[in-house]
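Peer 1: Residue numbers (this note's numbering), protein chains in the order written: chain X, 1 to 212; chain W, 1001 to 1212; chain L, 2001 to 2212.
It is worth saying that the hints were derived from the structure and are not from the lab.
Do not take every clue at face value.
[What the hints assert, rightly or not] For the chain W half of the interface with chain L, some residues (derived, Cβ under 7 angstroms), not all of them:
no., residue
1, G1068
2, T1072
3, A1074
4, L1076
[As the list claims (entries may be wrong)] Where chain W lies over chain X, by a calculated footprint (3+ residues, C-beta under 8 angstroms):
no., region
5, 36-47
6, 71-80
[Stated by the list, open to error] If you want the footprint, here are the derived chain L segments under chain X, 3+ residues with CB under 8 angstroms:
no., region
7, 2035-2041
8, 2064-2078
Here the structure is a predicted model, which means the values were calculated and not measured.
Just so you know, even glycine gets a beta-carbon here, dropped at the ideal spot from N, CA and C.
These are the residues of each chain, in order.
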Amino acid sequence: MRAVDPANVAMDDIELEAAAFESYDASPGLLGVNLDRFSKVVKMANKTDLVQLWFDTSTFKLVVYIDGLEFTMACLDPQTIRSEPTLPELDLPAGVTISREALNRGIKAADMVSDHIGIEMVEDEGRLSIDAEGDTDNVRLDLQDDDLQSVTLADARSVFSLDYLKDLVRTMPRGVDVSLRFGSDFPLIMDYEIADGDGHVTRMLAPRIQTD
Amino acid sequence: MRAVDPANVAMDDIELEAAAFESYDASPGLLGVNLDRFSKVVKMANKTDLVQLWFDTSTFKLVVYIDGLEFTMACLDPQTIRSEPTLPELDLPAGVTISREALNRGIKAADMVSDHIGIEMVEDEGRLSIDAEGDTDNVRLDLQDDDLQSVTLADARSVFSLDYLKDLVRTMPRGVDVSLRFGSDFPLIMDYEIADGDGHVTRMLAPRIQTD
Amino acid sequence: MRAVDPANVAMDDIELEAAAFESYDASPGLLGVNLDRFSKVVKMANKTDLVQLWFDTSTFKLVVYIDGLEFTMACLDPQTIRSEPTLPELDLPAGVTISREALNRGIKAADMVSDHIGIEMVEDEGRLSIDAEGDTDNVRLDLQDDDLQSVTLADARSVFSLDYLKDLVRTMPRGVDVSLRFGSDFPLIMDYEIADGDGHVTRMLAPRIQTD
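Throw the hints in and build the complete structure from the sequences for me.
Peer 2: So this is what it looks like as structure tokens:
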């Protein structure tokens, strides 16, 4: 699954391997789905319910089956969905894995003083900082040593829209470890695993280029 | 207690036997009460508090007493309250008892695609269905066998306002078993017990007559 | 800390002794702080986190440090903050200590019928009452004996704005015992302790003078 926001600022890419499903029988194809509707339908399932998806090739409708409940949803023609932008090859020097909770803490703090947020790595100090600067107030969260895993040290700093980053992190599963890759005035790429490792999520956020 | 909504679409009828009270001493009479106010007052009681109702015949006020708290409420003249419509004798062929939760699940699903909801029994299949039809999407919940108790099989199908049915089911006690009676383009009657069987609730909902 | 509302109806006064802090090193001074901002910053701390406050005398900023998070907040010139009114010497004859919960129960009940609330002590009966009078409905909560501690009996009755009293009691710690002092058409003074007795809060509310 792949989705891009209307302003081309953020992109999500989700891969689920066949092993992530209880049973899987499909031939290659591309389906357009109304996300709001689909999300509400799937939320009807309890934690232990199996959700069955079936594409009816005669009516071109997606049938979702959840313990006696049967939803029949019209699909969207993929041709009519705005296609995602082609991504340039990115060489992102800084890499680090931190907990979603640490990331979220920095976002909550930044949200008090600004509408954008800086992510910075300082190679010499082995430090990752999340910071924000308001008109009169500043905030900075320093993460070091035990907070950081799999660090690829580099000097790098980029600034991002706080609203976008908030939405991206809010919708990550609690307790997940997120691998960040970033550079200086380059996109931020956040990776994490779902479905016991049989699913992989990549979320990309364009930087706010600061003009001094 | 009996109440009807302004549009005459739904009617509630609640009977509490004397045994449902800790102590009961009353002569026959009819009292008009502001429901919103009365409901808020009673909610001041904790789960284990006794609520004492006393009608002061000199002031024509209802006194509610809850552990040191004393509310004095003006009553409404029952003559000024719109009287409920007289109900025609209804011969409703289909009957079944299901859990409030099953009913609620069908309602939640229907709510995604439509503002009305169909309730259908198919005699041959021993099946109760809750369904809804939207412009592009449909939903259907089939209940059979273990989900159904005390079934009186008949072919019957009626359609109801989803908003009304939502409100009626939302205010039923969790975990209660609800007995449904309905026909084809006839009202739906829902019965259940409260107060350990010393109280009985009947809720009636007029059908939406569909003009094809 | 001291704060007064714009209409001069309520005043809060909070004293924290040095013993209320893990460590304390300060010289006398007066600091103006944006309450909304300060409150959000401090809420970033978990229950067991230590919050460190440091005033940077070179930048005139307040630095708040919470487990790796560093907030730098501009201070307000105390001269520019509206100064609190000088309080007349008050001789409040009635005194009693009750639980926040009992006070809150009276407020919730009063809120159903009115936008002001009476607090009354009747010396003869050893009774404290919280009451409210609406257009058609009344409510009264009588507190006696076990509900009352440290009573100084006197005949006294004052009426207060319910909205103000609601806000004051809502922000008291759950389970705290509140000492009330009041008279007839005099302010209400509410005292309670925080920080295991190393902090003391005084909240004062002006009466609504009733013109008959």
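Peer 1: Are at least 3 residues of the region 2064-2078 of chain L within less than 8 angstroms of chain X when you compare beta carbons?
Peer 2: holds (count 7)
Peer 1: For the hint on G1068 of chain W, just tell me whether its beta-carbon gets within less than 7 angstroms of chain L.
Peer 2: With Cβ-Cβ at 5 angstroms, under 7 angstroms, it holds.
Peer 1: Count residues of the region 71-80 of chain X with a Cβ under 8 angstroms from any Cβ of chain W, then say if the count reaches three.
Peer 2: The restraint on the region 71-80 of chain X holds, since 4 of its residues have a Cβ under 8 angstroms from chain W and three suffice.
Peer 1: Are there three or more residues in the region 36-47 of chain X whose C-beta lies closer than 8 angstroms to some C-beta of chain W?
Peer 2: It holds: at least three residues are needed, and the region 36-47 of chain X offers 4 whose Cβ sits within less than 8 angstroms of chain W.
Peer 1: Do at least three Cβ atoms from the region 2035-2041 of chain L come closer than 8 angstroms to Cβ atoms of chain X?
Peer 2: holds (count 3)
Peer 1: Min Cβ distance, L1076 of chain W to chain L: is it shorter than 7 angstroms?
Peer 2: The hint is violated - L1076 of chain W has no Cβ within 7 angstroms of chain L, the shortest such distance being about 10 angstroms.
Peer 1: Against chain L, is T1072 of chain W within 7 angstroms by beta-carbon distance?
Peer 2: The hint holds - T1072 of chain W has a Cβ within 7 angstroms of chain L, the shortest such distance being about 4 angstroms.
Peer 1: Regarding the hint that A1074 of chain W lies at the interface with chain L, is the smallest CB-CB distance below 7 angstroms?
Peer 2: holds (4 angstroms)
The structure shown violates just one earlier hint, number 4.
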